[in-house]
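There are 2 protein chains.
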Amino acid sequence: MSEFVSVREVGVRDGLQMVKTILPAGRKVEWCRREAAAGISHIEVTSFVPPKIAPQFADAEEVAAGVLRIEGLHASALVPNLRGAQRAMEIGLKKIDYVLSASNEHNMRNVRRSTEESIEDFSRIVSYRDELGRADVVVGSGVATAFGCTIAGKVEPSTVLQIVERLLKMGADEITIADTVGYANPGQVRDLMRDVLRLTGETPVACHFHDTRGMGMANVYAALEVGVRAFDSSLAGLGGCPFAPNATGNINTEDCVFLLESQGLRTGVDINALIELRRDVETWLPGEPFAGAIARAGLPKGFVPVA
Amino acid sequence: MSEFVSVREVGVRDGLQMVKTILPAGRKVEWCRREAAAGISHIEVTSFVPPKIAPQFADAEEVAAGVLRIEGLHASALVPNLRGAQRAMEIGLKKIDYVLSASNEHNMRNVRRSTEESIEDFSRIVSYRDELGRADVVVGSGVATAFGCTIAGKVEPSTVLQIVERLLKMGADEITIADTVGYANPGQVRDLMRDVLRLTGETPVACHFHDTRGMGMANVYAALEVGVRAFDSSLAGLGGCPFAPNATGNINTEDCVFLLESQGLRTGVDINALIELRRDVETWLPGEPFAGAIARAGLPKGFVPVA
Chain C
1 MSEFVSVREV GVRDGLQMVK TILPAGRKVE WCRREAAAGI SHIEVTSFVP PKIAPQFADA
61 EEVAAGVLRI EGLHASALVP NLRGAQRAME IGLKKIDYVL SASNEHNMRN VRRSTEESIE
121 DFSRIVSYRD ELGRADVVVG SGVATAFGCT IAGKVEPSTV LQIVERLLKM GADEITIADT
181 VGYANPGQVR DLMRDVLRLT GETPVACHFH DTRGMGMANV YAALEVGVRA FDSSLAGLGG
241 CPFAPNATGN INTEDCVFLL ESQGLRTGVD INALIELRRD VETWLPGEPF AGAIARAGLP
301 KGFVPVA
Chain L
1 MSEFVSVREV GVRDGLQMVK TILPAGRKVE WCRREAAAGI SHIEVTSFVP PKIAPQFADA
61 EEVAAGVLRI EGLHASALVP NLRGAQRAME IGLKKIDYVL SASNEHNMRN VRRSTEESIE
121 DFSRIVSYRD ELGRADVVVG SGVATAFGCT IAGKVEPSTV LQIVERLLKM GADEITIADT
181 VGYANPGQVR DLMRDVLRLT GETPVACHFH DTRGMGMANV YAALEVGVRA FDSSLAGLGG
241 CPFAPNATGN INTEDCVFLL ESQGLRTGVD INALIELRRD VETWLPGEPF AGAIARAGLP
301 KGFVPVA
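Chains as they are written, first to last, in our numbering: chain C, 1 to 307; chain L, 1 to 307.
In short, the hints are calculated from the structure, not lab data. The reader is advised that the hints may include incorrect statements.
The list makes no distinction among identical chains, and a pair is therefore deemed to hold if it is satisfied within one copy or across any two copies.
Dumping the calculated SDA-like pairs for lysine to any residue here, alpha-carbon to alpha-carbon at most 25 Å [unchecked claim]: (1) K301 with S158; (2) K301 with F4; (3) K169 with L265; (4) K94 with W284; (5) K301 with E61; (6) K154 with K301.
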């Protein structure tokens, strides 16, 4: 069997963060069910943020409960603080994607506290999980704006590496390095991810890229080359960040799967099934920008998924 | 000074091949003049094909004559046969971009003869140049469909390498490896270009990518990593191939320059001047699809061109 690379869908969370339509919980669950049927095994299904900040996720509990019934799917949720983590665990999710920003300015705007305070809160989440005896819950953390920030500009790699080191010491089960605002370029990805992987050892690492400046697929390739084997992506390239102007969108799931499979890496994902789902999602979210090349151009003649 | 990478504009040729509007010669010359002013030093300015096949290029002589007055610009033209090469040399162009397809099926559709016949014609062009005593004319050849073909499917790397070897023996001054139909992926680019560069030695080599399946920038990065230092690209990502369904478009010049500069490589190109030109070209070609991320999202905060 060929080497496996995990493509983690974030469209139902990151993708829906900026759209005009509040998608009903049932549609969100259907989206997840069909992605799972297409072979996507990890989905970030919702965000446990206060409903008044993000009305799109006021149904977080309902979506999580629906998704937990999908067999074989590893569902996670974004949480910005301890309260979010508590909600996620209460409903029965087995994976928590905590997020903080390497850029203090971005963290202040995003979650209204300093990066330092967010790091300390991560430690409280791990302790809470341990005190509950919920060893079945994976607690990972994303490091946002790891490649630069629209507010602060440059973010030093040493800042990112120090944060990763502290999160690991606090017991992070997984680290996700995120280019929240679409500033990353492939040489930068290669250099930073090589250093991150040196720190993380056996702890799983993922990359979360946005295609804002057209570098998404090049960044995936650069990360692959130094050994990253998990990527966040969004169906139809939906996505954005409220504090990153023009940051739509996430890298496109269909194109990302195509890139990985064309490198001889196994994703287990049926691209044509994703494209079929995408056509329906387009009707659910009228007026949104849908990106991606494979859905438009089709697979190359003779393309065979990696077994 | 940082290492230089050549970005060669093909929008005035490849980009205009498929558009609905016949752009007046004066506009084409203005396009070239403003690209040259923005720092683009090589432009493929027209195509010497029979006007009844491509009415867009019926003004090839007029455009070439106008462009030859632009100081410091290296202007070339696409030629599909000896007759085209003769026309290009007669008007005074110093560079000829011959093209043949590695896929025999594609070559038959594109120029109505076999790849073998096209290879032999290349030899006649070199002899013609030499007999004229025009040592000042650079005769390069492109190898189209080098990464796959929409008609034939897979194209063997050995086929491409054998063609490159024969072109070099015939006296090619430059080789361009082209993904005419947008089938290439970065691992494939890395492997093929590594082998091509072994054959070419001191002879300059360029890559010509299309972004049809979203892999354009990843392919540029992969080619860079093995040592390619020249790339064809098209302003606003215009372009296509009449025998490659949905093959729009070429990789985007603005995004390509951004990728290269972000790797610390010097292009000499002012991205903002390109974006300004692009805004005008959009008004010249109503209804065409314009692609590219940098023109939409802008450069990252603190971006500084490589000196």
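Which hint numbers doesn't this structure obey?
Checked against the structure, the hints that fail are numbers 3, 4 and 5, while the rest are satisfied.
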